[in-house]
Amino acid sequence: MKCPLCGYEFDESELGCEAECPLSTDCQMVCCPHCGFQGIDPNSSAVVGWFQRIRKRLRREGSPEVQNPPGEKHAAVPLSQFPTGHWARVTHLASTRGSRLQRLSALGIAPGSRVRLQQHHPAYVVQVGNLELALDAEIAGEIFVTAEGGNEGVGSRESEVGSRE
Amino acid sequence: MNCHGENNTPDDWPAGESVILVGHPNVGKSVIFGVLTGHYVTVSNYPGTTIEVIRGRVSVDGRTDPIIDTPGVNSLFPISEDERVTQRILLAEPPHIVVQVGDAKNLPRTLMLTLQLAEMEVPFILDLNMADEAQQRGISIDTTQLGQTLGTPVFCTNAVKGEGTAQLVTALETPRRSTLRVSYDPEIEESLLAIAPWLPATHIGARYVGSALLAGDDEIATWVTAARDEEALAQIWQIRDSLQAHYNRPLSYVLNEQRLQFAYRLADQVSRQDSSAGSSWGETLGRWTVHPIGGIPFMLLVLYITYKFVGELGAQTMVDLLETRLFGGLINPWIAGWVHAWIPIPIVQDFLVGPYGLVPMALTYSFAIVLPIVSTFFLVFSFLEDSGYLPRLAVMVNRLFKTMGLNGKAVLPMILGLGCDTMATMTTRILDSRKERLQVTLLLALGVPCSAQLGVILGMIAFLGPRAALIWGGVIIATMLGVGYLSARVIPGRGSDFILELPPIRWPQLSNILVKTLARLEWYLREVVPLFILGTVILFVLDKLTILQLIQRLASPLVVGFLGLPAAATDAFLIGFLRRDYGAAGLFALARAGAMTPDQILVSLVTITLFVPCIANVLIIAKEYGRRTALAMSAFIFPFAFLVGGILHFALRMFA
Numbered sequence: 000m001k002c003p004l005c006g007y008e009f010d011e012s013e014l015g016c017e018a019e020c021p022l023s024t025d026c027q028m029v030c031c032p033h034c035g036f037q038g039i040d041p042n043s044s045a046v047v048g049w050f051q052r053i054r055k056r057l058r059r060e061g062s063p064e065v066q067n068p069p070g071e072k073h074a075a076v077p078l079s080q081f082p083t084g085h086w087a088r089v090t091h092l093a094s095t096r097g098s099r100l101q102r103l104s105a106l107g108i109a110p111g112s113r114v115r116l117q118q119h120h121p122a123y124v125v126q127v128g129n130l131e132l133a134l135d136a137e138i139a140g141e142i143f144v145t146a147e148g149g150n151e152g153v154g155s156r157e158s159e160v161g162s163r164e
Numbered sequence: 000m001n002c003h004g005e006n007n008t009p010d011d012w013p014a015g016e017s018v019i020l021v022g023h024p025n026v027g028k029s030v031i032f033g034v035l036t037g038h039y040v041t042v043s044n045y046p047g048t049t050i051e052v053i054r055g056r057v058s059v060d061g062r063t064d065p066i067i068d069t070p071g072v073n074s075l076f077p078i079s080e081d082e083r084v085t086q087r088i089l090l091a092e093p094p095h096i097v098v099q100v101g102d103a104k105n106l107p108r109t110l111m112l113t114l115q116l117a118e119m120e121v122p123f124i125l126d127l128n129m130a131d132e133a134q135q136r137g138i139s140i141d142t143t144q145l146g147q148t149l150g151t152p153v154f155c156t157n158a159v160k161g162e163g164t165a166q167l168v169t170a171l172e173t174p175r176r177s178t179l180r181v182s183y184d185p186e187i188e189e190s191l192l193a194i195a196p197w198l199p200a201t202h203i204g205a206r207y208v209g210s211a212l213l214a215g216d217d218e219i220a221t222w223v224t225a226a227r228d229e230e231a232l233a234q235i236w237q238i239r240d241s242l243q244a245h246y247n248r249p250l251s252y253v254l255n256e257q258r259l260q261f262a263y264r265l266a267d268q269v270s271r272q273d274s275s276a277g278s279s280w281g282e283t284l285g286r287w288t289v290h291p292i293g294g295i296p297f298m299l300l301v302l303y304i305t306y307k308f309v310g311e312l313g314a315q316t317m318v319d320l321l322e323t324r325l326f327g328g329l330i331n332p333w334i335a336g337w338v339h340a341w342i343p344i345p346i347v348q349d350f351l352v353g354p355y356g357l358v359p360m361a362l363t364y365s366f367a368i369v370l371p372i373v374s375t376f377f378l379v380f381s382f383l384e385d386s387g388y389l390p391r392l393a394v395m396v397n398r399l400f401k402t403m404g405l406n407g408k409a410v411l412p413m414i415l416g417l418g419c420d421t422m423a424t425m426t427t428r429i430l431d432s433r434k435e436r437l438q439v440t441l442l443l444a445l446g447v448p449c450s451a452q453l454g455v456i457l458g459m460i461a462f463l464g465p466r467a468a469l470i471w472g473g474v475i476i477a478t479m480l481g482v483g484y485l486s487a488r489v490i491p492g493r494g495s496d497f498i499l500e501l502p503p504i505r506w507p508q509l510s511n512i513l514v515k516t517l518a519r520l521e522w523y524l525r526e527v528v529p530l531f532i533l534g535t536v537i538l539f540v541l542d543k544l545t546i547l548q549l550i551q552r553l554a555s556p557l558v559v560g561f562l563g564l565p566a567a568a569t570d571a572f573l574i575g576f577l578r579r580d581y582g583a584a585g586l587f588a589l590a591r592a593g594a595m596t597p598d599q600i601l602v603s604l605v606t607i608t609l610f611v612p613c614i615a616n617v618l619i620i621a622k623e624y625g626r627r628t629a630l631a632m633s634a635f636i637f638p639f640a641f642l643v644g645g646i647l648h649f650a651l652r653m654f655a
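Protein chains in written order, with numbering that gives the first Met the number 0: chain A, 0 to 164; chain B, 0 to 655.
Bound-form chain A, shown alone (with noise of 0.2 Å):
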């Protein structure tokens, strides 16, 4: 971290609290061990951790296009961590049960097939050419994806609702 009055960074290893200070064990604050100056540390709050991980969450849903230059081949992602609103191309499914394997495969879910996330929450909604199949984030981990070069199918609406989620 970095002392926000002198600039000086350090690691908790060298905090410059006092022994005595009633407050040194399980605090908030941090004192800059160069100048001395107390503050908070923002990462150690529960609420900002909370906020953070939404923030993160929302800007990956929302993400414009991480796609890779065109030609390289990329390693797959689970479709739950595919940005929303993008057709996506299944490489493989990674459940080993046997009935979930059957039923994502005759809903049309296997290797080569094309499929776009809407939307993580209240539950995973995944297109699949015209058909919309609802999932568990569990279900929706196990489907691995690369990007599709190309954009075809996705008109500029569906990516207004994407980024609104």
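No lab work stands behind these hints, which were simulated from the structure alone. Quick caveat: nothing in here was measured; it's all calculated off a predicted structure. Keep in mind that the hints are not guaranteed to be accurate.
Derived contacts from chain B toward chain A, CB cut-off under 8 Å, selection only [unchecked claim]:
1. 111
2. 255
3. 394
4. 398
5. 497
6. 500
Chain A stretches covered by chain B per the calculated footprint, using a threshold of three residues with CB under 8 Å from any CB of chain B [stated by the list, open to error]:
7. 115 to 122
8. 133 to 140
Cβ coordinates follow ideal geometry from the N, Cα and C atoms, glycine included.
Since chain A is already given, all that's left is putting chain B on it; use the hints.
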């Protein structure tokens, strides 16, 4: 609505003559069935409406052939019980012809099933239904080319509007088998060849039977053992095991995957999607109804409109008109005068027009109180059903149900329970695990009021205002959550996967809404009015034998002391054992007469809501899960309902 369909078996039909409708869930099989037979069957915009096999007759080639509507399937290698039913029907007898009803806008998925029918070697025609929706999305399908590739006739229809169905009827006369076969990996093809000599000779194609065995279909295995012997099966299992060693995924999935990829290639050849077609209002609205934030006000709006329509128009305006003016002012005095003038026997007079008489109680309750309320509710409910909103509602409440160990799929029967609990209890078959089936059945019986009951309850809440509505809703939901949470821990087993198909939002057809509402009203009059009459007769007899007064005195510590209600409410609870809407109607009458304070109405309402819905529901639970389960559930629910009512009574008194 058909609440008590008989358990049909495929055996009672002449072999080789029937027409069988097969297809994915929610593609319009029931509509096609209606078109072909000229009879109406319940049609909805959600998957799994047809849970029973429905039969009718269709005229083909100058004869009338039996026609069978089957529950929707995703695959002919069944996973769930309803898929099993469809497979059994196809295996049981050589059909005259199979009509596959498919969704034109989801061609690859439709073709997956087509490919299985082709391998079954049954004669079939492919009907691509909902062609209008495909057209809206810019999809064009070359049916001639697809027909040539398959070797069977292919049609596009829009059955709801009756477009293209005439051709379909003509095509029933010339059944043809498809020549198309999926090309699997060489290893799988070899195994299929190796299995073939061990199979019994039947009307079902060896490729289908072979691949079903490779996929590990137990039912087919039993069937092979019965037709051949254990030895044949042992050989087959050996071939399967050595094939399985090639793959690191279950064979059932490998086969599906290769069939799906074949279907995708075929669909690419015969169809084109013009991606410039913008999204329709239905798609946009559909997206908002499940939006994490936008979906909630939408849900509240739906609730509010329902409440306005049912609670105010139905329960106040119409009940006023019917009960006070028509029955109270005209019919009842007129009949009373007539009976007193012409029937001089006091006991008969009492039976007809006395305080527990047929006319002032059974008929007035059913026609003047419950009928106007349920009519308005049935209208709203039919509209919601056809619009495709209900599965989306399941998505919205998914999180809530998860806390009680139920997934969103279990929500569907719960929402259907708002229509009819008895039917919804049968729909629990769509759930994959027994644990969930039992849990949902219990929650349905405990807390989900059926349409008639919800109507009467909404009507009573309309008397009390928003505070009471919130308390009522809060207590019922909290009770359901609590019981659901505990039952998830008490009932052993694991929950099933949540994979739910969301049908597109559609503007419902007025004619279908009216037909459905009428069908429901007929069901209501046929099933409920006799029970109301029975309840009245029981009360009359108990009253004449002065047992009723005894019961009232015995129940007084419970009803008057514990719940804080007037003694007259005992009657309502007594008849509530038969049907909770009848009990609620009794409370409604008491409330309208001004015999209860608002808090008393609220307590009685919560108690009666938690009662078992009706006798029919108990009988269905007994049929589906055995008598002991039904008894145990009843033994839990009734005392529990009084307990919650009592707690609410004390809570209200404390905070008053």
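Any hints this thing doesn't respect? Which numbers, in order?
-> Going through the list in order, the structure violates no hint and respects every one.
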